[in-house]
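Trainee: Going down the list, the protein sequences come from chains A and B.
FYI, the numbering for the first sequence is 0 to 340, going by numbering that gives the first Met the number 0.
FYI, the numbering for the second sequence is 0 to 546, going by numbering that gives the first Met the number 0.
One should not assume that every hint holds.
[What the hints assert, rightly or not] Chain B is nowhere near these chain A residues, computed Cβ spacing over 10 Å in every case: (1) 50; (2) 53; (3) 63; (4) 112; (5) 116; (6) 146; (7) 154; (8) 177; (9) 190; (10) 243; (11) 248; (12) 269; (13) 300; (14) 303; (15) 314.
[To be verified] Cβ pair distances, simulated, as ranges: (16) B:299 <-> A:180: 48 to 56 Å; (17) A:99 <-> B:299: 53 to 61 Å; (18) A:179 <-> B:361: 51 to 59 Å; (19) A:107 <-> B:323: 36 to 44 Å; (20) A:281 <-> B:33: 47 to 55 Å; (21) B:12 <-> A:282: 23 to 31 Å; (22) A:264 <-> B:252: 34 to 42 Å; (23) A:153 <-> B:311: 22 to 30 Å; (24) B:326 <-> A:180: 33 to 41 Å; (25) B:323 <-> A:264: 32 to 40 Å; (26) A:281 <-> B:401: 46 to 54 Å; (27) A:180 <-> B:16: 52 to 60 Å; (28) A:282 <-> B:33: 45 to 53 Å.
For the record, the hints were derived by calculation from the structure and aren't laboratory data.
All values derive from a computational prediction rather than experimental measurement.
Built from N, CA and C at the ideal position, the CB exists for glycine as well.
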Amino acid sequence: MSASRLFIAFTAAASVLTLSTAAFAQSGEVNLYSYRESKLLQPLTDAFTKDTGIKVNVVSASSGLEQRIKAEGANSPADVLLTVDIGRIEEAVQAGVTQPMKSEVIDKIVPAEYRDPDGDESGISMRARVSYASNDRAKQDAITYEELADPKWKGKICIRSGQHIYNNALFAAYVAHHGEAKAEEWLRGLKANLAQKPSGGDREAARDVAAGKCDIGIGNTYYWALMMNKDPDKKPWAEATKVILPTFAGGGTHVNLSGLLLAKHAPNRANGIKLIEWLAGEHAQQIYADANYEYPIRDGVAINPTIASYGKLKADTLPVTRIGASRKAASTLVDKVGFDN
Amino acid sequence: MTSARFAEPVVSALALFTAALVAMPVLAIALLATQPAPDVWQHLIDYVLPLALRDTALLLAGVGLVALIAGAGSAWIVSRYDFAGRRMLLWLLPLPLAIPTYIAAYVYVDLFEPLGLLHRTLMLWLPPRDALALLPGPRSLPGAILIIGMVLYPYVYLSARAAFQLQSADFAEAARTLGAGRWSIFLRISLPMARPAIAIGLALVALETLNDIGASEYLGVRTLTLSIFTTWLNRGSLAGAAQLSCLVLAIVAALMTLERYGRRNVTTEFSSENPRPTARTPLRGFKGRLAFAACALPVLSGFVVPLLFLVHQSMRRSLLTADAAIWRDAFHSVIFAALATCVALVLGFATILAIRWRPDRWRSLAANIAQAGYALPGLVLALGLLAPVLALDNGMNALASHLGLPLPGLVLMGSGTAAVTAYVIRFLAVPTGFIRAGFERIPRDYDDSARSAGASDLTAMRRIHLPLLRPVLVGAAIVVFVDCLKELPATLLLRPLNVETLATSIYQHASRGSFEDGALAALLIVAASIGPVAWLTRFSDMPRGPA
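Build the full structure now, drawing on both the sequences and the hints.
Mentor: Here it is, written out as structure tokens:
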């Protein structure tokens, strides 16, 4: 193909794509940058469009969205950023790509510990990091995070990489509760209890317990529900285990937060706020909690039955900002104790 | 001819443009790296680098060895021998390229881990505990080496096959008359002659391994690349991550230079009075079956097993009827990949042609820079591209507003140009490397003869270089196209709103822990790859001398 023909083809294809995606600043739209997979959001965005007539354009990624918004600057089409992790909330606020949403609706509905004090962020849902305990071999019905380092579990715990964001947030919560020195000691104890080098994902933790490699796997609440309800192949793994909601000694169960942030240069600011408020509403919370097996952020919405079967969640009240501030220390300690080695 | 007069400056300008394009994100990362990153390095040196460097080195060496044996070995067999099933293998052998490494990792973990197919089969005869002890343990360094090696060997296969095809029979025949055996000819003549091509293939394997995050994290191998992301995402130091990326880049550059230095005295331009392709030796009976088995093993483990797994999952989840949006995703994938392949091939060819026409320091430097993009992990490249691409985008808006025109919005980002540019930069090393190796095997005598016969450089390019380079160009096109289809991290960060590709679609399911739901998208990547591979291998199997 000659260079000029190539150029024409390129321009043509580019303009087709532009036509399908452009028109950012039209009144009836809102642009959502999301760390939650866009395909999983579709039932929700469709319902929003049906309710309000506002079209939702989505782009989802696994990291770097705040860098993208920052580089896009004043022309950024981003209105709302949806994160699925405390760490990314912190990153976005620090990168200076957000603005206060000043929403009375949000302030009223969402509990204070799940909101940014300056109003830049509001939680939308929660998941807890819990233990998948063997039905046959783990006799306890309750457990603390501290206890996971107890030598009685030697060679009996399975977990994924200590640097994975889920574990990073859990370990950061530990640091925030007990300080770095205690956390280091605990991580060494936990490391000594592992049945194998950290690898795989949360589902493998259940699988290894089911296969008898270990007695306790660490995973998020929704993975167990997904295996149980949505995946016949993996159902036996979930069936071989029971979910125990661990607590911090004197605290509650570690929860990680999905959060919504209003972008600093949001071209459709009003629609953005409308989307955030709508997502905190009962209708959306119900869809979101059911589709994703997450805990709703507000009262008055039924928890999905599978999730409810784990027992009553007593969520840790440690403010999100304190966990965010301890992430670096947690990551450093994981390397220091050779957790992943 | 007037067009011939303009050809040289145009090609040189293209080469310069290419170097500038690749340098852009690299410089942006270097710029990020100049920011202070307090206490990042002390931590890395104390706790991370010793192990990460060791594991990365072992992984690279292991994967390289697997790819060399499977890739160069099978390329040699199908190039030199005829046996039953060879034609089928010809188009099957490159296909593991279509399987993303992390998909292969998921599949093999599922098959070989506790309660997987192997375990359940063993449990038919053994108690569960004993069966458990027999499992091979894919979540380990050796597991990672085998799994990644088996899907990446086609890089070596394709470049080696092109090289073996271009080798004239004369050398082997001369060696044979001097009493050399088959092994001796392979090890002492054919392999050294194919060395530049194999080196390029191995370099691509190494860089693709370095780029991988998904598979190595899942399989429990701590690589340098993983440390880059931990430094950025968990320890909040983008500057530290950029510095670590620069270190990786420096190591890669040093290895490449070392390789080139290593063969500075090796003459690779073999001239022959009457070059002609080697006739293939027919193999029958046991030997033929052995040759077939040797080539079928990598195809089986790198392609057939993952494929069957994906087909099985798609069928039992009745995905075929479920997701209509997937066809639009496939369309995006193919358009992006095709555009990037064309651009990368043109720019890569221009870059090397510029050296061929005027070998000087600057043009060599441009070609070396053009290959640097592959050394950046996809996500780092995407981060590096954000600043320059959006500076352009925002500049256009500023200009429009200055002129009182309606604002165009972020055109480069919103049209997918940014994503396609990332593909071009990242995969340019493939055509550049393949074509460079191809040119090295075309004697300069040919150029001189053409010139003395009154042909312009442009004519020599059209009538001599392009036909001789065809297998090389074909190989490069397949590799780039399929690589673009699989590309994930840069696509995720740089794609426009509402645009999904097959790779992002698979990822969305995988990140929820049920990659099997993305099996259909993975199959479509394979399907989109089979077409070009089958069509293009048809051409590459016509070895022709430059007569």
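Trainee: Taking the hints in turn, state whether each one holds.
Mentor: Here's how the hints hold up against the structure:
At the 10 Å boundary, the C-beta of residue 50 of chain A stays outside the reach of chain B, the nearest C-beta of that chain being 20 Å off. Distance to chain B confirms residue 53 of chain A as a non-interface residue, since its nearest Cβ pair spans about 14 Å, more than 10 Å. Separation of residue 63 of chain A from chain B is inadequate, the least Cβ-Cβ distance of about 5 Å not exceeding the 10 Å criterion. Consistency note on residue 112 of chain A: stated as away from chain B, and its beta-carbon is indeed over 10 Å from all of that chain's, at 22 Å minimum.
Residue-level check passed: residue 116 of chain A sits 20 Å from the nearest beta carbon of chain B, beyond 10 Å. For residue 146 of chain A, the condition that its CB be more than 10 Å from all CB atoms of chain B holds, with the nearest at approximately 25 Å. Under the 10 Å C-beta cut-off, the non-interface status given to residue 154 of chain A relative to chain B holds; the minimum distance is some 14 Å. For residue 177 of chain A, the requirement that its beta carbon stay farther than 10 Å from each beta carbon of chain B is met, with the minimum near 19 Å.
The claim that residue 190 of chain A lies off the interface holds: its Cβ sits roughly 13 Å from the closest Cβ of chain B, which is beyond the 10 Å cut-off. With 10 Å as the threshold on Cβ separation, the claim that residue 243 of chain A sits away from chain B holds: the shortest Cβ distance comes to roughly 20 Å. Here residue 248 of chain A stays apart from chain B, with its beta-carbon at least about 25 Å from theirs, past the 10 Å limit. Listed as a non-interface residue, residue 269 of chain A keeps its Cβ farther than 10 Å from every Cβ of chain B; the least gap is roughly 19 Å.
Residue 300 of chain A, annotated as away from the interface, keeps every beta carbon of chain B farther than 10 Å; the closest lies near 22 Å. No beta-carbon of chain B is positioned within 10 Å of the beta-carbon of residue 303 of chain A; the least distance is around 16 Å. With a least beta-carbon separation of about 23 Å from chain B, residue 314 of chain A lies farther than 10 Å from that chain, consistent with its non-interface assignment. As the Cβ distance of residue 299 of chain B to residue 180 of chain A is approximately 53 Å, the hint placing it in 48 to 56 Å holds.
The hint said 53 to 61 Å for the Cβ distance between residue 99 of chain A and residue 299 of chain B, and at roughly 59 Å that hint holds. The beta-carbon spacing between residue 179 of chain A and residue 361 of chain B, approximately 53 Å, falls within the hinted interval of 51 to 59 Å. At about 40 Å, the beta-carbon gap between residue 107 of chain A and residue 323 of chain B stays in the expected band of 36 to 44 Å. At roughly 50 Å, the beta-carbon separation of residue 281 of chain A and residue 33 of chain B lies within the given 47 to 55 Å, and the hint holds.
Range check, residue 12 of chain B to residue 282 of chain A: Cβ separation about 59 Å, and the 23 to 31 Å hint is violated. Range check, residue 264 of chain A to residue 252 of chain B: Cβ separation about 38 Å, and the 34 to 42 Å hint holds. With their beta carbons about 39 Å apart, residue 153 of chain A and residue 311 of chain B fall outside the hinted range of 22 to 30 Å. Distance hint for residue 326 of chain B and residue 180 of chain A: a CB-CB separation of about 56 Å, inconsistent with the stated range 33 to 41 Å.
A hinted range of 32 to 40 Å holds for the C-beta pair residue 323 of chain B and residue 264 of chain A, which are about 35 Å apart. Taking the beta carbon of each, residue 281 of chain A and residue 401 of chain B are about 48 Å apart, inside 46 to 54 Å as hinted. For the hinted restraint 52 to 60 Å between residue 180 of chain A and residue 16 of chain B, the CB-CB distance of approximately 56 Å keeps it satisfied. Evaluation of the 45 to 53 Å hint for residue 282 of chain A and residue 33 of chain B yields a pass: the beta carbon distance comes to about 50 Å.
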